[in-house]
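Mind the numbering: the sequence shown is residues 1 to 331 in the numbering used here, read in order.
Keep in mind the hints are simulated off the structure, nothing from the lab. Heads up, some of the hints might be wrong.
[Claimed, not checked] Label pairs and their computed distance ranges (CB to CB):
(1) P96 with T234: 46 to 54 Å
(2) M172 with G103: 30 to 38 Å
(3) D285 with D22: 27 to 35 Å
(4) T275 with D173: 37 to 45 Å
(5) N282 with W162: 18 to 26 Å
(6) H216 with P31: 36 to 44 Å
(7) P268 with D144: 26 to 34 Å
(8) Y28 with G272: 35 to 43 Å
(9) R293 with G103: 46 to 54 Å
These numbers come from a predicted model, not from an experiment. Backbone N, C-alpha and C define an ideal beta-carbon position, used for all residues, glycine too.
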Amino acid sequence: MRALIVTALLAGCTDYEIYVHDGTDVFYQNPVSEVDILLVVDDSCSMQPYQQQLSQNFSEFISFFIDAQVDYHIGVTTTDVMSDGAGHIIGEIITPETADGSGVFADNVNVGVEGSGSEMGLEAARLALSEPRISSTNAGFLRDTASLSVVFVSDEEDSSPWPVNRYINTFMDIKGARERDIFNASSLVVLDPQTCAPAAQAGSTRGDRYLDVTTHTGGVSGDICADTFADMITELSLNASRLRDTFFLSSEPAPATIEVSVDEALIPCDAGEWTFTRVDDNGTDRPAVVFERVFMPAPSSQIAIRYDYGSGDPTGFCEGGSAGDDTGGAR
Numbered sequence: 001m002r003a004l005i006v007t008a009l010l011a012g013c014t015d016y017e018i019y020v021h022d023g024t025d026v027f028y029q030n031p032v033s034e035v036d037i038l039l040v041v042d043d044s045c046s047m048q049p050y051q052q053q054l055s056q057n058f059s060e061f062i063s064f065f066i067d068a069q070v071d072y073h074i075g076v077t078t079t080d081v082m083s084d085g086a087g088h089i090i091g092e093i094i095t096p097e098t099a100d101g102s103g104v105f106a107d108n109v110n111v112g113v114e115g116s117g118s119e120m121g122l123e124a125a126r127l128a129l130s131e132p133r134i135s136s137t138n139a140g141f142l143r144d145t146a147s148l149s150v151v152f153v154s155d156e157e158d159s160s161p162w163p164v165n166r167y168i169n170t171f172m173d174i175k176g177a178r179e180r181d182i183f184n185a186s187s188l189v190v191l192d193p194q195t196c197a198p199a200a201q202a203g204s205t206r207g208d209r210y211l212d213v214t215t216h217t218g219g220v221s222g223d224i225c226a227d228t229f230a231d232m233i234t235e236l237s238l239n240a241s242r243l244r245d246t247f248f249l250s251s252e253p254a255p256a257t258i259e260v261s262v263d264e265a266l267i268p269c270d271a272g273e274w275t276f277t278r279v280d281d282n283g284t285d286r287p288a289v290v291f292e293r294v295f296m297p298a299p300s301s302q303i304a305i306r307y308d309y310g311s312g313d314p315t316g317f318c319e320g321g322s323a324g325d326d327t328g329g330a331r
């Protein structure tokens, strides 16, 4: 229960009331402000059913980084390493200064279906991020100060020549492994061929090697055979940016008492910028404040969540307007 403090100003001036919440959880948004993202997209003939969906959904990918105020470099290459252009970034490297970046990005990920049927996504990523490519055709993509994310998009297993662990070590060495999360890889691949459309099942195989890299580098994985990529695009964006939209509370709150501040600015619960809900955290159902994507706290910002201990239906967290409005006290 909140403590009520009555304070007199200047020994006889107007009294005012301050309400002190039972609990305060303070978080700091991850400080990453630069990220280089390489998409390795399967361009074999079996990708035909997925090309349009890729182009439509991945336009949302770049919008996320604009909203999140993250300085991005985005490049696209293909899984075809049999041609002379193996590892070459297609089109221009997309940055915040790119005119119509979302449109350019949608064009770049629509890589076609005339590539080799022996997909080598891991090898293609290595070539794209190594010499001589990184100093020639791909010059300017990698930045010393930026985190690095690779996203593999394929409906077949990787056929690259090296063991998975060797590729992981190579990717980590590119960034010098200075920090635990300086590099990660994610996968939009086949999880179960039986879930793919009947016409695509014959040419689809589970992407185990891509999934191994994802698991060992802290990336996220999604099913390329899903009806929509929308949710996966959000997960990929969050993972690549290293930003957080979900902040778990350390104790059970009384929902209607929750107050959220970012850099000491109070955000009313009815502003539409955040919501209180319950989120699965590695098998445990926990209370959490979740920000809408376009209002996610900027890099390095401070998030303070104050509340009284209690319980209740999360859907009632904003009954009557901003939490605490019924107190009549100053803050």
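For each hint, the structure was consulted:
no.	hint	result
1	P96 with T234: 46 to 54 Å	violated, 20 Å
2	M172 with G103: 30 to 38 Å	holds, 34 Å
3	D285 with D22: 27 to 35 Å	violated, 21 Å
4	T275 with D173: 37 to 45 Å	holds, 41 Å
5	N282 with W162: 18 to 26 Å	violated, 31 Å
6	H216 with P31: 36 to 44 Å	violated, 24 Å
7	P268 with D144: 26 to 34 Å	violated, 41 Å
8	Y28 with G272: 35 to 43 Å	violated, 24 Å
9	R293 with G103: 46 to 54 Å	violated, 20 Å
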